[in-house]
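Engineer: Same order as they appear, the protein sequences are chains A and B. Under our numbering, the first residue of the first sequence is numbered 50, with each subsequent residue one higher. Under our numbering, the first residue of the second sequence is numbered 50, with each subsequent residue one higher.
The reader is advised that the hints may include incorrect statements.
Since the list gives no way to pick one copy over another, a pair counts as held whenever it fits inside one copy or between any two copies.
Claimed, not checked - The list that follows gives simulated cross-link-like pairs (lysine to any residue, SDA-like), each with its CA atoms no further than 20 Å apart:
no., residue 1, residue 2
1, K454, G400
2, K102, A388
3, K295, G217
4, K102, N383
5, K454, G292
6, K308, E334
7, K102, D384
Please keep in mind that the hints were generated in silico from the structure rather than gathered at the bench.
2 protein chains.
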Amino acid sequence: MPVNYATPAADQLFPVAGVRLGVAEAGIRKLNRRDLTLIELAPGSRVAGVFTKNRFCAAPVHVCREHLQQEGIRALVINTGIANAGTGEPGLDAARQSCAALAKLMDLRADQVLPFSTGVILEPLPVERLKAGLPAALSALKADGWHDAAHAIMTTDTVAKAASRKVGAGGTAATITGMAKGAGMIRPNMATMLGFMATDAAISQPMLERLVKEAADESFNCITIDGDTSTNDSFILIATGQGTAKFESITAPGWDEFKQSVIAVARELAQAIVRDGEGATKYIEIAVAGGRSVAECKAVGYAIGHSPLVKTAFFASDPNLGRILAAIGYAWNNDPGLADLDDTKVKVWLGDTLVAENGGRAASYREEDGAAAMKPAEIRVRVDLGRGSQSANVWTCDFSYDYVKINADYRS
Amino acid sequence: MPVNYATPAADQLFPVAGVRLGVAEAGIRKLNRRDLTLIELAPGSRVAGVFTKNRFCAAPVHVCREHLQQEGIRALVINTGIANAGTGEPGLDAARQSCAALAKLMDLRADQVLPFSTGVILEPLPVERLKAGLPAALSALKADGWHDAAHAIMTTDTVAKAASRKVGAGGTAATITGMAKGAGMIRPNMATMLGFMATDAAISQPMLERLVKEAADESFNCITIDGDTSTNDSFILIATGQGTAKFESITAPGWDEFKQSVIAVARELAQAIVRDGEGATKYIEIAVAGGRSVAECKAVGYAIGHSPLVKTAFFASDPNLGRILAAIGYAWNNDPGLADLDDTKVKVWLGDTLVAENGGRAASYREEDGAAAMKPAEIRVRVDLGRGSQSANVWTCDFSYDYVKINADYRS
């Protein structure tokens with residue numbers, strides 16, 4: 050069960066002019082499951098993406114990078130069940146075949162199609178089954194297909210994740226709608242497992258490419274569930290240009306508001322992934338300030354957010370807060386610049402309760418305050434490193450029996 | 050239950066001339082528990098140690114570093130229950146008081162005593178109780194006290210860890226005996242939670258200091274249970290010089306054999322810690338070869354050894370081996386030098402079964418071979434990075450329900 054998150058109703062997900070979505074059951078890995086999703090884009094749409102930095106990156110990620118070398122993307126094909134990662138040359142061939150087959154049905158070139166896969170690594174993609182499912186998905190295409198599609202891209206997710214908003218007015222009015230999936234192998238480095246967002250605004254290609262990176266850095270690149278950076282992380286931002294707003298330069302009226310809305314939607318999706326983390330019972334924000342760089346603040350946030358000891362303490366609502374100090378103390382494993390961190394300058398709060406300062410427990414700290422602060426389903430850990438003015442947030446969840454259960458049972 | 054490990058019988062732990070050990074119940078955190086251990090050293094003993102690099106390092110670690118500035122160490126005092134870490138100035142004062150109290154009873158200077166603590170972080174050390182327990186521990190001192198002491202330093206350990214051997218003959222004969230503890234918060238960086246080894250050989254101070262580092266690097270610095278580097282890691286090597294062997298230079302006869310034996314005992318203790326890792330049901334060796342540096346091989350070993358997804362797959366005996374590839378692929382998070390790793394050059398074996406090559410699943414790989422290779426309680430993962438001649442081993446364990454249970458319940 051996700052922590053304080055429910056999928057928006059279908060009518061809360063605003064269609065984006067120029068985008069249609071369709072799903073089908075292709076039997077990729079199991080029968081009777083919607084496991085194939087198509088996204089069709091109107092001519093003139095611009096697309097930008099960021100992808101995993103895992104060196105064993107999946108075949109579809111390679112093909113996406115190739116196809117995004119030029120403009121003119123008109124369709125995305127997404128399958129669950131098999132990640133098509135760790136599949137070598139045959140995997141690349143399967144990803145290209147998926148694109149070619151869809152292109153043929155849609156009368157496009159193969160390089161106008163982007164492929165995405167998520168599921169088990171190291172197993173071959175049954176590309177014939179995928180191809181056989183394409184006509185059904187094509188005939189299901191519809192403008193209000195976001196709700197169905199958000200469900201069809203799920204793997205161990207317990208709820209579909211989607212977000213949508215309308216922004217601006219008059220000449221700057223735009224719609225932004227997105228969906229994402231991911232519940233395990235989540236510590237995105239550039240992007241999450243799979244995230245797709247679209248807007249009807251017109252945005253120049255260079256601005257779109259900067260925007261997708263910035264949105265990823267402020268959202269998907271701040272979350273972790275288990276520290277495992279996936280082979281398939283992909284985050285795609287689509288601008289169809291079918292709406293009113295036109296943003297051809299960063300001085301265009303409404304751009305800042307639009308940009309903040311794109312980031313807000315991306316963050317909503319990213320946080321939804323954490324709220325639905327495998328086995329999650331708690332949602333935890335780690336806010337690190339007082340660092341010399343954003344990078345070192347993130348390094349501290351990730352050290353805390355990845356520590357199995359911290360995460361099991363949250364699961365148990367046990368204010369065993371020395372574990373947080375220990376994690377801060379070894380964060381320089383993540384960022385060597387922290388090797389000279391002065392532990393007597395560090396302050397740690399749990400919610401509003403000051404826990405540690407001057408290298409030890411705060412004089413004002415009382416165990417019962419810590420215990421009370423550990424109880425809620427949403428918890429904020431605040432750290433002040435006391436050595437600079439930079440800050441960063443990391444969002445994560447706790448570590449429960451169910452994480453082990455889900456990952457010991459997955460595949461079976 | 051530990052994986053294929055049992056504490057040696059008391060008579061298998063050879064006394065080391067010049068070393069006596071005594072334990073007592075001091076009620077540090079709970080009653081009726083042996084929680085205080087003394088080690089008395091004969092005059093002329095040399096001592097060298099390596100300690101945690103955690104920036105929130107414990108008060109006793111600070112004091113050990115100070116006291117090791119000069120020779121003449123004559124006693125070690127070790128308590129469990131409270132780590133005396135994250136305790137600021139009062140913690141330092143408590144550690145110093147422990148040394149002073151013991152020194153007074155033994156007619157020594159306070160800086161001839163080394164203090165060690167292990168247990169809960171962020172809580173004050175009840176130093177009066179510790180001091181009150183010293184006379185009982187002193188009167189219990191005995192040369193064959195290793196077995197008792199190995200039990201008295203346990204926290205969440207399920208078995209005591211100790212190892213002992215006699216090495217050399219005639220003028221190079223020496224005895225080496227050691228003990229260690231640690232079951233969680235284990236990813237030593239310089240040393241493990243607590244490890245103590247002693248030999249009756251005479252060893253020059255510079256050689257002893259090099260030896261303790263080398264032994265730590267080949268043993269405790271190769272293990273991980275949960276990736277959490279402790280605040281209290283300490284590994285101490287004692288040379289009493291009360292035996293036959295005298296090693297005043299590295300060309301001394303018998304030195305190489307002696308050195309290898311010290312490393313072997315340290316490795317036996319380190320591996321025992323992993324075999325008794327919190328909730329462990331499997332013992333896993335990760336052997337990484339073909340790297341450009343030892344550091345990058347270790348980075349890959351730790352990426353695999355820390356991955357909750359890999360560890361839960363081992364727990365389930367599920368050959369979901371793509372998770373290992375994914376971990377190799379993001380190991381450059383640990384060592385940026387791996388950012389140019391060519392995934393098509395990497396090979397992965399599970400036991401003797403070739404699993405992956407050429408960027409994907411090996412043509413010869415069969416699921417049933419993988420399933421069979423996942424079954425044993427001891428598993429060897431072998432990785433060839435295909436880009437150099439360096440290698441390194443990492444030892445770890447799986448991730449089970451019991452890890453969560455132990456760490457959700459610890460303290461309570």
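Engineer: Now look at each hint and say whether the structure bears it out.
Structural biologist: Hint check results:
no.	hint	in the structure
1	K454 - G400	neither (30 Å within a copy, 25 Å between copies)
2	K102 - A388	between (26 Å within a copy, 8 Å between copies)
3	K295 - G217	within (12 Å within a copy, 83 Å between copies)
4	K102 - N383	both (16 Å within a copy, 13 Å between copies)
5	K454 - G292	neither (46 Å within a copy, 54 Å between copies)
6	K308 - E334	neither (23 Å within a copy, 48 Å between copies)
7	K102 - D384	both (18 Å within a copy, 13 Å between copies)
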